[in-house]
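Those sequence lines, one after another, are chains A and B. Note that the first sequence covers residues 1 to 278 in our numbering. Note that the second sequence covers residues 1 to 173 in our numbering.
Just so you know, these hints were derived from the structure itself, not from any lab. Among the hints, a few may not be true.
As the list claims (entries may be wrong) - Covered stretches of chain A, going by a simulated chain B footprint (3 or more residues, C-beta under 8 Å):
id : stretch
1  : 3-14
2  : 60-66
3  : 220-234
4  : 262-274
To be verified - From the structure, some residues in chain A lie toward chain B, with a derived Cβ separation under 8 Å:
id : residue
5  : 21
6  : 192
7  : 200
C-beta: ideal position from N, C-alpha, C; glycine also.
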Amino acid sequence: MNSVRRARPWLGTLVDIRVDAMDEACAVRAIDAAFAEIATVHRLMSFHEAGSDLARLRHARTGECLRVNARTHEVLDWSLRIAQACDGAFDPCVATMQVALGVLPVPESSFVPDARASWRDIELLDGERVRLRRPLWIDLGGIAKGYAVDRAIEVLRAHGVAQACVNAGGDLRVCGPNPECADVRSADGVVFPAIELVDGALATSASSGAQHLYGRTREAVTAGITVSVAAPTCIVADALTKVVLAAGESVRTMLCVFDAYAWMHDSRHGWQSLRLAA
Amino acid sequence: MQVRWLLPAGIGATLVVQVAHAAQYMSVEQAQRAAFAQATQFAPVAVAIDAAAFGVQPGWKPLVWRALKDGETIGWFFEDAVIGKSELITYALALDAAGKVTSVEILDYRESHGGEVRLAAWRNQFKDKTPADAVALDRDIRNISGATLSCRHLTQGVHRLLQLYAHVLAAKP
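Based on the provided sequences and hints, a complete structural model is requested.
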């Protein structure tokens with residue numbers, strides 16, 4: 001049985017799903033279901049789309065309890081956990097600043113966000129409810145893509161898939177016993193295998209200008225750095241790339257806490273490991 | 001999870017992580033069957049395109065099929081290509097009989113210098129887009145400013161095909 005591979009545009013990139021060693025019709029059904037789940041996550045957590053949970057939160061009154069989808073609640077929960085662990089170096093509330101800098105377009109909102117608001121002003125309540133203590137805008141662009149990849153892997157597994165890879169433009173997760181290799185390439189196009197991964201996730205982010213902001217100060221992180229993070233889940237790998245971009249080597253302890261490994265690259269030092277894999 | 005870094009530390013000042021390889025996903029026939037399982041025939045449609053009116057280079061020639069079931073049109077199928085950052089992306093678009101997007105599938109992805117390390121991205125989608133949305137093209141493109149180049153160009157490609165449908169195909173008997 002051959003691999004079945006499909007790619008569709010979602011999450012602002014081309015999402016590639018590959019299923020190995022499965023009857024073709026079953027693999028296609030599993031892949032279709034995984035894409036449907038990715039589409040759901042996309043619609044719920046898009047910064048712009050009018051019907052998304054994030055858009056609804058931009059029309060909530062301060063202090064109002066708003067019910068969101070369980071998936072959005074879960075991603076917000078992870079966002080706050082990671083923001084807390086890195087003391088706000090990662091902050092889903094930098095959207096206000098990114099809009100001001102023109103990185104994100106001005107969204108529709110019934111309030112003007114408070115520039116001092118941070119992740120600490122997001123309160124998660126039982127019953128998938130969210131309360132904002134200050135007027136703020138949330139952008140889950142730094143984490144929801146990884147979550148969508150994780151959800152896709154879960155859907156594939158529920159369809160009986162044993163070996164698969166879901167790759168959303170470089171945020172990827174593999175499941176199954178066989179190792180996957182991520183490559184690096186040189187400027188002249190030579191490809192070297194760089195990371196071998198079994199049953200885990202890998203995410204890569206590169207800093208350029210105002211695309212990534214340091215959560216605590218809202219200043220742009222140093223440009224020209226590429227960070228790759230391996231972690232058991234893609235949501236953690238995705239979010240931690242932003243933490244490492246923002247906070248650099250000071251995140252070693254955090255990597256251990258989340259069972260993650262990180263490699264940082266700049267043109268002066270080449271690749272450096274922040275936590276050595278066994 | 002097991003993870004192994006294969007490069008020696010400090011190596012590769014010029015190496016960047018490659019996130020996408022060239023890939024072949026589906027043949028045109030596979031994509032047609034996937035989009036219209038009930039179709040009994042795919043009839044090629046010849047279209048005359050005024051390149052200037054569509055804002056494209058002369059020579060733009062997407063392939064168009066009418067999906068038929070027992071002689072009745074149940075939808076439209078397009079094959080076209082866009083350039084990403086440096087790669088050529090061949091893709092298929094399927095519309096139902098009313099011109100609504102039912103699927104976008106990548107058929108083939110060929111790159112000349114490896115993949116793109118993507119920026120924070122979280123944008124556009126294609127489902128339920130109809131030609132009426134085309135007027136919103138500027139807004140859509142602005143809204144996906146964080147999306148990868150290939151994704152943005154693909155969005156533009158889909159918009160072009162929706163225009164082609166609205167102005168040329170929708171009126172065909």
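Each hint, compared with the structure:
no.: 1; hint: 3-14; verdict: holds (count 10)
no.: 2; hint: 60-66; verdict: violated (count 0)
no.: 3; hint: 220-234; verdict: holds (count 5)
no.: 4; hint: 262-274; verdict: holds (count 9)
no.: 5; hint: 21; verdict: violated, 18 Å
no.: 6; hint: 192; verdict: holds, 6 Å
no.: 7; hint: 200; verdict: holds, 3 Å
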